[in-house]
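There are 2 protein chains.
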Amino acid sequence: MDIENANAQATERMIESRPVLVGMGKALDIVPGMRENLLLHAGPPLALRSEPQGKAWDRASGPMRGAITGALIFEGKAKGEDDAQALVESGEIELEPCHHHQAVGPMAGVTSSSMSVYILENKTYGNKSYSNLNEGYGKVLRYGAYSEEVLDRLRWMEEVMAPVLADAIAASGGLDMRALLAEALHMGDEGHNRNKAGSILFTTKLAPFIAKAAPNPDVAADILRALGDNALSVLNPVMAACKGMADAGHGIEGSTIVSTMARNGTDFGIRVSGLGDHWFTAPVAVPEGLYFPGFTAEDASGDIGDSVITETAGIGGFAMASAPAIVTFVSGTPKDAVNATLEMYEICSTEHKYFSMPPLDFRGTPTGIDVRKVVETGITPRVNTGIAHKDAGVGQVGAGLVRPPMAMFEEALVAFAQTYGY
Amino acid sequence: MDIENANAQATERMIESRPVLVGMGKALDIVPGMRENLLLHAGPPLALRSEPQGKAWDRASGPMRGAITGALIFEGKAKGEDDAQALVESGEIELEPCHHHQAVGPMAGVTSSSMSVYILENKTYGNKSYSNLNEGYGKVLRYGAYSEEVLDRLRWMEEVMAPVLADAIAASGGLDMRALLAEALHMGDEGHNRNKAGSILFTTKLAPFIAKAAPNPDVAADILRALGDNALSVLNPVMAACKGMADAGHGIEGSTIVSTMARNGTDFGIRVSGLGDHWFTAPVAVPEGLYFPGFTAEDASGDIGDSVITETAGIGGFAMASAPAIVTFVSGTPKDAVNATLEMYEICSTEHKYFSMPPLDFRGTPTGIDVRKVVETGITPRVNTGIAHKDAGVGQVGAGLVRPPMAMFEEALVAFAQTYGY
Chain E
1234 MDIENANAQA
1244 TERMIESRPV
1254 LVGMGKALDI
1264 VPGMRENLLL
1274 HAGPPLALRS
1284 EPQGKAWDRA
1294 SGPMRGAITG
1304 ALIFEGKAKG
1314 EDDAQALVES
1324 GEIELEPCHH
1334 HQAVGPMAGV
1344 TSSSMSVYIL
1354 ENKTYGNKSY
1364 SNLNEGYGKV
1374 LRYGAYSEEV
1384 LDRLRWMEEV
1394 MAPVLADAIA
1404 ASGGLDMRAL
1414 LAEALHMGDE
1424 GHNRNKAGSI
1434 LFTTKLAPFI
1444 AKAAPNPDVA
1454 ADILRALGDN
1464 ALSVLNPVMA
1474 ACKGMADAGH
1484 GIEGSTIVST
1494 MARNGTDFGI
1504 RVSGLGDHWF
1514 TAPVAVPEGL
1524 YFPGFTAEDA
1534 SGDIGDSVIT
1544 ETAGIGGFAM
1554 ASAPAIVTFV
1564 SGTPKDAVNA
1574 TLEMYEICST
1584 EHKYFSMPPL
1594 DFRGTPTGID
1604 VRKVVETGIT
1614 PRVNTGIAHK
1624 DAGVGQVGAG
1634 LVRPPMAMFE
1644 EALVAFAQTY
1654 GY
Chain W
1234 MDIENANAQA
1244 TERMIESRPV
1254 LVGMGKALDI
1264 VPGMRENLLL
1274 HAGPPLALRS
1284 EPQGKAWDRA
1294 SGPMRGAITG
1304 ALIFEGKAKG
1314 EDDAQALVES
1324 GEIELEPCHH
1334 HQAVGPMAGV
1344 TSSSMSVYIL
1354 ENKTYGNKSY
1364 SNLNEGYGKV
1374 LRYGAYSEEV
1384 LDRLRWMEEV
1394 MAPVLADAIA
1404 ASGGLDMRAL
1414 LAEALHMGDE
1424 GHNRNKAGSI
1434 LFTTKLAPFI
1444 AKAAPNPDVA
1454 ADILRALGDN
1464 ALSVLNPVMA
1474 ACKGMADAGH
1484 GIEGSTIVST
1494 MARNGTDFGI
1504 RVSGLGDHWF
1514 TAPVAVPEGL
1524 YFPGFTAEDA
1534 SGDIGDSVIT
1544 ETAGIGGFAM
1554 ASAPAIVTFV
1564 SGTPKDAVNA
1574 TLEMYEICST
1584 EHKYFSMPPL
1594 DFRGTPTGID
1604 VRKVVETGIT
1614 PRVNTGIAHK
1624 DAGVGQVGAG
1634 LVRPPMAMFE
1644 EALVAFAQTY
1654 GY
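One line per chain: the protein sequences are E and W, in this order. Counting in the working numbering, the first sequence tops out at residue 1655, every number present. Counting in the working numbering, the second sequence tops out at residue 1655, every number present.
Be a bit skeptical, because a hint or two may be false.
The list makes no distinction among identical chains, and a pair is therefore deemed to hold if it is satisfied within one copy or across any two copies.
Said to hold, decoys possible - Computed list of lysine to any residue pairs in SDA-like fashion (alpha-carbon distance at most 20 Å, straight line):
#1 1606 x 1572
#2 1606 x 1258
#3 1445 x 1393
#4 1356 x 1532
#5 1361 x 1372
#6 1568 x 1594
#7 1586 x 1560
#8 1361 x 1560
#9 1623 x 1516
#10 1623 x 1291
#11 1372 x 1384
#12 1445 x 1458
#13 1288 x 1315
Read the hints as simulated data drawn from the structure, not as lab findings. In this text the structure is predicted, and so the values were computed from the model without any measurement.
All chains should be modelled from the sequences, with the hints used to inform the complete structure.
Shown next, in the form of structure tokens:
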């Protein structure tokens, strides 16, 4: 068994993946293993392996509790946080990572059975992946807010927007998300925290089909505005695309490539291509960045969300050189953005064939984090991220940068040595 | 009279201009001085001052003749090139520069009385400016093509698209083009040859209003596709915005700032803020760049179009540092793009307050070409441009870079010295 060959295979499969957005449907009907009493959430499992699953509530961060509560109110199963806590603690409501269901969700990532999901199909390797719909900014479920305004928005998205999007996507014949991302990286996006170009490319490509699929021009206008005014509208299909790429690179015997990174607000977790479905976890850090007016670092929740699947697939913080304008949002200078990308080449196995960065002379993005290189160099991945309020019910308070804890990579490397007998 | 003060005033007026797209209407009803037997065209006057106007045909380049012919067929006044020639030579059809009518048009820039134009209002200084609609790529009137396919497209634009756009723009309450351009420059556009981001920003902002204004969903879809699939759909309103800015900076006593640059395919012409409406002209160069498959430099027409109004206002070739990906279209490397911008600081009076470039640490674009500096440094402006086929009826064959002839700047400086008694 040759690690270099295994890693070349894992990264080639990630890079040659061509995930296409092919449809939209209710999670219950679409997502493998979904059931009515199940909530999907971001990151690794909330409860420790040694504990009963009901302990998940106890370990959940404020924004995760808020999002669970909001989703259960949305499903008509709870009236507030106390109900939600009781349902989770009794085991009546179960919690499982999105990642265990070929899915991903930004921030808390909470996805319930009657929510709609984007359906992506990897045209190269056949695997499917899923993500929920993006709500926009500020007071939103994924950041732990669950006021009536948040729920009204979710209901509109579900009842009005999702059926039209489902028809529009079907009529479009599918959207090649790798091509869309490649274009967006030439338009100042990095694909994680800056998705301005991607979101309007997405809106523009779907617009003719939305105009035809909508029941009337007012609804068409409302949906076009919801997608076009939200600079993150494409984030969720982008994440599902990255999930499809990363999954294609998973399960390669002898590979030290990281195939999952995810945070649940309490723990950061990674999985490694050659080490099966085992999560290596460690407590999350708090991101550093810029706060919205009225908030400070004191208000910040720990790092949370599946959106770090973008860095796993070679974009996001790894492609910051392509997105110098992002520093107005996450702090730093354009030079820092270039340096972030240059540093990531140190820990990556290869350079992306389809994601190139004009400011670096069209060099491919650093792709395929090698656990060995992380441990050897002491350099952990750079992650661009939103920052949630630490309390349930508040929402987003800023955006910034964060690094995963080194302990996970060390633990994974030890496990690799044990598994493969080094 | 202090030249520095005059130039500061001229450039401040250009920069503080805030042109807003407020409407659309038929040129005959809207454009000052428009009449039924008049065609507007790009650049300085075609006929020499000493010659009768009918000589314009003789001096017109292939693409200009093609566009004149197409416009006269469109207006039902000609059946082909022979008719067009006869009408122009007899004086029955008159030709005047767009610039003499507060208007601009890309490439041949030919605008006839029944064509629709974008209406822009400079909210700071009150002046209005106009531009025709963009047809897309390849075989299009502005590049001198006039086949039935070209004319069908023009008729569809006029009969179907323009009325919907007129209603949509009115319902939108107006689009701030300076804000749109500032955003597009942070998304890899330079605003002249690369308008990918600007065009989808434009499409996205108008989409909800188009969905409502269209007579039915099929028409809405067709218009959304026409705007969204054309990476130059925003070029014409961008040019009109730059015209509004440049006009606001024109007519400042004692200023050596260039307030107009334009080419008609035969001559390049400039006007200077402190030198009234006099055109300084010289024969155009042929652009250098990349050719579409099947074409070479042998096929190229001389430099043509009013689109160099973008460079006059501080974007386009002057903002290339913001658009490293453009080099795939116009040739060169991302480093060349940065150098192009850095060189333009040498001949400009100031840096733009609202147009900033992330790759240069958000430095403002070089703005306000100073005739003195051009002559003193020997550096002429850098212009990004499309390349037309030299023959009437063909269309676009490539894109590249070009510089205006130095002779005009020298002549203007001499005239300035004479006028102001230096």
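Can you list which hints this structure breaks, lowest number first?
Per hint list: 2, 4, 5 and 8 violated.
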